[in-house]
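Chain residues, written in single-letter form:
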Amino acid sequence: MTTIRFYLPLFLSLVAWQAAVTAGLAPAEMVPAPLAVFEGLWRLLRGGELLRHVGVSMYRQLAGFMLAAVIGTALGIGMARLEGVRLVFEPLLKLLYPLPKSALIPLLILWFGIGHNSKIFAIFLGCLLPVVLSVYNGSRGIPRWLVWSAQSLGTRPYRLLWKVYFPATLPDLLSGLRIGLALSFTLLVSSEFLIARAGLGFLIQSVGEMGDYAAMFAAILVVALIGFAADRLFVRLMARALRWQEP
Amino acid sequence: MPHIEIVGITKVYEQPAAPPIVALDGVDLTVEHDQFVSLVGPSGCGKSTLLHLVGGFISPSTGEIRIDGRPVTGPGPDRGIVFQNFALFPWLTVRGNVEYGLAEKGIPRRERRKVAQHFIDMVKLTGFEEVYPHRLSGGMQQRVALARMLACDPQILLMDEPFGALDAQTRLILQEELKEIWRQARKTVLFVTHDVREAVFLSQRVVVMTARPGRIKEIVDTDLPADAPRLAVDALAEDIWATLREEVLKAVVPGDRREQAP
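The listed protein sequences correspond, in order, to chains Z and Y.
Heads up, the first sequence is in the numbering used here, so the first residue is 407 and it goes up one at a time.
Heads up, the second sequence is in the numbering used here, so the first residue is 0 and it goes up one at a time.
Since the hints were derived computationally from the structure, they do not count as laboratory data.
Beta carbons: idealized from backbone N, C-alpha and C, even for Gly.
Treat each hint with caution, since some may be false.
Here's a subset of chain Y near chain Z, in silico, CB distances under 7 angstroms, partners left out [said to hold, decoys possible]:
1) 56
2) 79
3) 80
4) 86
5) 99
6) 151
7) 181
Under the rule of at most 35 angstroms between Cα atoms (straight-line distance), these lysine-lysine pairs were calculated in the DSBU-like manner [claimed, not checked]:
8) Y:123 with Y:178
9) Z:569 with Y:186
10) Y:123 with Y:113
11) Y:216 with Y:186
12) Y:123 with Y:186
13) Y:249 with Y:216
14) Y:123 with Y:104
15) Z:569 with Y:104
16) Y:104 with Y:178
17) Z:500 with Z:569
18) Y:178 with Y:216
19) Y:178 with Z:569
20) Y:113 with Z:569
21) Y:178 with Y:249
22) Z:569 with Y:123
Work out the full structure: start from the sequences and follow the hints.
So, in structure tokens, the structure goes:
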């Protein structure tokens with residue numbers, strides 16, 4: 407029932423879109439109809455071109471995302487627990503926070519070249535902030551009696567991090583990561599727009615330049631679907647990891 | 000040698016732009032092995048602070064606390080603690096919580112399971128092993144916290160108003176069960192409560208504290224025989240309450256710093 411309720415409006419708008427183009431209400435060369443987009447998708451798939459670009463983009467996205475998850479968690483917990491770490495990184499993060507991370511892409515290309523690394527770094531930077539901030543706020547709010555209980559049950563200081571701080575921060579870490587995941591797609595595509603030799607952003611750009619708008623729409627659709635699937639998957643994993651929480 | 004020696008303990012909390020708070024002022028107390036001692040006093044008298052000091056979670060401003068003659072320098076598994084709000088690890092099941100301390104001690108999985116099961120059964124939570132704490136009632140959560148502490152086999156049990164958040168019926172039942180556990184296990188217990196009757200029922204000695212700054216006002220011997228009639232408990236509780244009442248009234252006079260705090 408919920409599935410139908412979710413997909414029915416999507417399906418109806420596709421039908422309405424197709425009808426509008428067929429009836430001549432919208433110019434087909436600028437707004438390709440759904441059927442033309444599916445045909446474009448098929449063309450991209452058939453040559454294996456699409457899969458190659460998806461592969462390249464997913465690699466960059468995952469690498470940047472994972473890097474942000476690991477470093478962001480460490481930094482967030484570190485800032486909450488060690489005054490020195492907080493004093494060094496808080497001003498940097500505050501400065502970086504309002505800056506649109508895509509503004510750094512030209513600079514990153516200059517530093518890391520036009521290959522994978524500049525894209526991975528852009529995605530890493532974009533995801534890093536939500537992760538650090540939520541982990542930082544989450545680990546500051548850990549009730550002292552949880553820490554005290556662990557200590558009186560024989561937990562050594564270096565194990566507190568793993569046994570108490572990490573699980574207690576997990577809800578915040580995961581909601582920060584979910585925001586990061588959404589941002590990572592934005593940064594992925596925009597970093598591949600500028601200068602790239604492969605990737606979904608590059609594909610959108612290049613087929614668009616050739617005037618193949620049906621294929622361009624198809625590539626955009628693929629980005630949307632991957633982003634949607636990634637978020638759904640993440641929400642599932644999150645619910646599983648946090649099944650101990652009150653609903 | 001006494002089990003716990005509290006010698007000349009003062010605890011002062013400095014606060015920015017305000018006079019420091021003297022939570023405890025020159026407290027001396029000795030607790031023998033296997034003794035059950037309760038601390039009662041008005042809110043804010045520092046009785047919980049004293050417990051946290053014995054636990055080694057905070058350090059005193061002056062004075063020293065010794066366990067079996069050795070000064071306390073930090074928390075340790077020889078002193079278990081139970082808090083009013085249970086403080087279970089919400090990400091672990093009942094079994095996970097009770098096994099926690101055993102795992103930290105490096106006890107192998109099978110042995111750990113057996114010991115944990117023994118204590119889960121003891122607190123009457125058989126069948127709830129795989130349940131997460133948020134699914135349990137307050138009384139059940141506190142039973143888990145008790146089992147978690149006892150599984151570690153600490154010599155000293157520190158109990159910080161453990162039944163304060165429970166309904167009256169659950170509280171009575173847990174009091175009886177705790178008394179039975181203590182009678183069998185023979186541990187040294189330091190028990191903080193503001194319920195005088197609870198203190199008299201459970202303990203051998205009741206320490207009455209003054210309003211802030213916390214000092215010891217009186218120590219009452221409450222070691223009634225196990226089959227003492229309820230009336231005897233009530234009468235003793237009445238006496239202690241008469242002493243305590245004056246302090247409680249002092250603690251709520253206008254201008255008390257604590258009452259102004261948010």
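Numbers of the earlier hints that this structure fails to satisfy, in rising order: 7
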